[in-house]
Amino acid sequence: MKNKLSRNIYFIPYVLWIALFVIAPILLILYYSFFDIEGNPSLINYQKFFTPVYLKMTISSFWYAFLITGISLLVAYPTAFLLTKTKHKQLWLLLIIVPSWINLLLKAYAFIGIFGTYGVANGFLEAMGIGKQQILFTDFSFIFVSVYIFIPFMILPIFNALDEMNPTLLDAANDLGASRWMTFRRVIFPLTIDGVKTGCQVVFIPALSLFMLTRLIAGNRVITLGTAIEQHFLVTQDWGMGSTIAVFLIIIMFLIMFVTGNRKQGV
Amino acid sequence: MKKLVQMFLVISLVSALLLYAISRLNSSQGFTSSNTLTIYNWGDYIDTELIDRFEEETGIKVIYETFDSNEAMMTKIEQGGTTYDIAIPSEYMIDKMRQEDLLVPLDHSKLPNLKNIDERFIDLPFDPENKYSVPYFWGTVGIVYNSKMLGGKVITAWADLWDKDLKNEILLTDGAREVMGMGLNSLNYSLNDTDDEHLQEAKSKLDALTPNIKAIVGDESRMLLEAQEAAIGLVWSGVASEIMAENEDLEYVVPKEGSNLWFDNMVIPKTTKNVEAAHQFINFMLDPEVAAQNADYVSYSTPNKEALKYMPEEVVKDERFYPSPELTEKLEVYENLGKKNLARYNELFLEFKMHRK
Chain P
891 MKNKLSRNIY FIPYVLWIAL FVIAPILLIL YYSFFDIEGN PSLINYQKFF
941 TPVYLKMTIS SFWYAFLITG ISLLVAYPTA FLLTKTKHKQ LWLLLIIVPS
991 WINLLLKAYA FIGIFGTYGV ANGFLEAMGI GKQQILFTDF SFIFVSVYIF
1041 IPFMILPIFN ALDEMNPTLL DAANDLGASR WMTFRRVIFP LTIDGVKTGC
1091 QVVFIPALSL FMLTRLIAGN RVITLGTAIE QHFLVTQDWG MGSTIAVFLI
1141 IIMFLIMFVT GNRKQGV
Chain E
3 MKKLVQMFLV ISLVSALLLY AISRLNSSQG FTSSNTLTIY NWGDYIDTEL
53 IDRFEEETGI KVIYETFDSN EAMMTKIEQG GTTYDIAIPS EYMIDKMRQE
103 DLLVPLDHSK LPNLKNIDER FIDLPFDPEN KYSVPYFWGT VGIVYNSKML
153 GGKVITAWAD LWDKDLKNEI LLTDGAREVM GMGLNSLNYS LNDTDDEHLQ
203 EAKSKLDALT PNIKAIVGDE SRMLLEAQEA AIGLVWSGVA SEIMAENEDL
253 EYVVPKEGSN LWFDNMVIPK TTKNVEAAHQ FINFMLDPEV AAQNADYVSY
303 STPNKEALKY MPEEVVKDER FYPSPELTEK LEVYENLGKK NLARYNELFL
353 EFKMHRK
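Protein sequence lines, in the order shown, are assigned to chains P and E. Residues 891 to 1157, numbered by my numbering, are exactly what the first sequence covers, in order. Residues 3 to 359, numbered by my numbering, are exactly what the second sequence covers, in order.
Possibly wrong hints are sitting among the right ones.
[Unchecked claim] Listed below are several chain P residues computed to face chain E (Cβ distance under 10 Å; list not exhaustive):
| no. | residue |
| --- | --- |
| 1 | M947 |
| 2 | L996 |
| 3 | Q1121 |
| 4 | D1128 |
[To be verified] In silico DSS-like links for lysine-lysine, alpha-carbon gap of 27 Å or less:
| no. | chain 1 | residue 1 | chain 2 | residue 2 |
| --- | --- | --- | --- | --- |
| 5 | P | K1022 | E | K275 |
| 6 | E | K78 | P | K1022 |
| 7 | E | K319 | E | K155 |
| 8 | E | K307 | E | K332 |
| 9 | E | K205 | P | K946 |
| 10 | E | K98 | E | K342 |
| 11 | P | K894 | E | K4 |
| 12 | E | K98 | E | K117 |
| 13 | E | K319 | E | K98 |
| 14 | E | K112 | E | K5 |
| 15 | E | K205 | P | K938 |
| 16 | E | K166 | P | K1022 |
| 17 | P | K946 | P | K975 |
| 18 | P | K946 | E | K272 |
| 19 | P | K1022 | E | K169 |
| 20 | P | K946 | E | K207 |
| 21 | P | K938 | E | K207 |
| 22 | E | K78 | E | K307 |
| 23 | P | K946 | E | K112 |
| 24 | P | K946 | E | K342 |
| 25 | P | K938 | E | K319 |
| 26 | E | K205 | E | K98 |
| 27 | E | K150 | E | K307 |
| 28 | E | K342 | P | K938 |
| 29 | E | K272 | E | K258 |
| 30 | E | K169 | E | K155 |
| 31 | E | K272 | E | K117 |
| 32 | E | K98 | E | K272 |
| 33 | E | K155 | E | K258 |
| 34 | P | K979 | E | K5 |
Calculated directly from the structure, the hints in this document are not laboratory data. Computed from a predicted model, the values in this text were never measured in an experiment. Every residue gets a Cβ at the ideal spot worked out from N, C-alpha and C, and that includes glycine.
Next comes chain P alone, as it looks inside the complex (with noise of 0.2 Å):
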């Protein structure tokens, strides 16, 4: 009796804050999705999503993100592997940490220096007989951009996988005759699938929403959800569509958490 009392007093803090946090909020966007700019209920703003504008922000949203997500993994599967086999390893995977205590912001300041005109990397292009050409405010620089700050959130969680993955599987894999990539196909990687899609996740749902590095990198010409849900708040004072344009963001994320889940597996 007394340790069914004690344990629902511990939950208190976590009710508390998942209701007044996490719920609360989720619940306000939804209310605030039903007002059109006047402040009338309406179902206006989820009709306007549907309009081509919307659709095409949504589709270039993903298209960035996916992208960024793909790009990300690429670097970061190979990297973490190597990591796993040297030496210092925690030191190594502190160095790849680091950059991200950085402020965003600074370091998107920092590659605007990187990449204009007259920046390290056209200096460099230029003494390699290549000529100047435009980085900044190009797709290729936010794809970097958003590659570069993303990149260790992907690393982490499939370094952790690898790490803990036990290496006699990989002699007795060898041992029965697989070649090496027999061995990465049908033991590594799906050993490692968890720390993949935990890696995915935690990129591509942030990428969905960029908005800052869309105006200090790509100059407006990348347009994500993030930037319309911004302006709508913050210049038009559409509360009703910016929110909107949240409901439809938040169920795409449920989606692929749904999607990319990690239903653990009896086998």
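Got chain P; can you put chain E on it based on the hints?
Chain E only, in chain P's frame:
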């Protein structure tokens, strides 16, 4: 677990000590919560030396916060979380805030320095008799361009920007009214136009400009233009004047089709807790010498007639930044178009931003 608890205790202790130190520091300087003034202003829009001087002269502690759009400012004041005592919005926003009852009327008897303001800037339509606001700075929207980078080309009109030679050379500012206004003006429509056909037309016209646009940015445009990242920028006059001081090749022009004339005024929002100090601050900023120093730092045009005497003649006589009344007559002031029209402007602006070359 023990380590965690220890760490938690240490952090709490350090935070408590720091809090105590701050309150001691504040009280030793004579600052108490009833003696502070919170100012809400545009970024980099005041000489901070003047804030220090105001604190010294009056013993009032100033808390200074910044915003980057009129709309963002109003949203924050509407929510009322922070007790702002002074805000510096633009004219159409003052009109809107006045209508929504977000402003405290000024007591003119506490503002003897108001007499220093040029009559040109008093009693304007957005605030009759200056019941709620006092002029801070004014200026125009125009084009700043680097004639050297453009090989000596001269720009005089909005239409010049659509030139095919200017590929990837233009930086626009991330503001719906400014950019849509440019589109409307280039078609010889009013920049307060709300006719949907005209707006559509302006948007298609802007779409055609896309190949020439390098980026649509915020306050960074100052830095980017200075670094010669682009040759042309759509800017406010003060930004132009500031970067022109750094680079002789830059030139500023108010396009001949017409453009925007704006006023930023000081107001006391409803969130205030210290009306007395707010009046003191407004009166302080109206002092000719103070206004001159501020204008010199911010490089926008001051409406303070007496302050002009303290400023270098070549600045005051410069028609690009102190246009005569005959010139400003041709320019338009933004009107408060209402939420619905503003939303339309923003929607079209968003569509324009999504348009790819």
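Results for each hint:
no. : hint             : in the structure
1   : M947             : holds, 7 Å
2   : L996             : violated, 14 Å
3   : Q1121            : holds, 6 Å
4   : D1128            : holds, 5 Å
5   : K1022/P - K275/E : violated, 55 Å
6   : K78/E - K1022/P  : violated, 43 Å
7   : K319/E - K155/E  : holds, 25 Å
8   : K307/E - K332/E  : holds, 22 Å
9   : K205/E - K946/P  : holds, 18 Å
10  : K98/E - K342/E   : holds, 13 Å
11  : K894/P - K4/E    : holds, 25 Å
12  : K98/E - K117/E   : holds, 26 Å
13  : K319/E - K98/E   : violated, 34 Å
14  : K112/E - K5/E    : violated, 59 Å
15  : K205/E - K938/P  : holds, 19 Å
16  : K166/E - K1022/P : holds, 21 Å
17  : K946/P - K975/P  : violated, 44 Å
18  : K946/P - K272/E  : violated, 41 Å
19  : K1022/P - K169/E : holds, 15 Å
20  : K946/P - K207/E  : holds, 21 Å
21  : K938/P - K207/E  : holds, 24 Å
22  : K78/E - K307/E   : violated, 33 Å
23  : K946/P - K112/E  : violated, 55 Å
24  : K946/P - K342/E  : holds, 23 Å
25  : K938/P - K319/E  : violated, 51 Å
26  : K205/E - K98/E   : holds, 26 Å
27  : K150/E - K307/E  : violated, 35 Å
28  : K342/E - K938/P  : holds, 14 Å
29  : K272/E - K258/E  : violated, 40 Å
30  : K169/E - K155/E  : holds, 14 Å
31  : K272/E - K117/E  : holds, 25 Å
32  : K98/E - K272/E   : holds, 14 Å
33  : K155/E - K258/E  : holds, 16 Å
34  : K979/P - K5/E    : holds, 24 Å
This entry does not satisfy hints 2, 5, 6, 13, 14, 17, 18, 22, 23, 25, 27, 29, going by the numbered hints stated previously.
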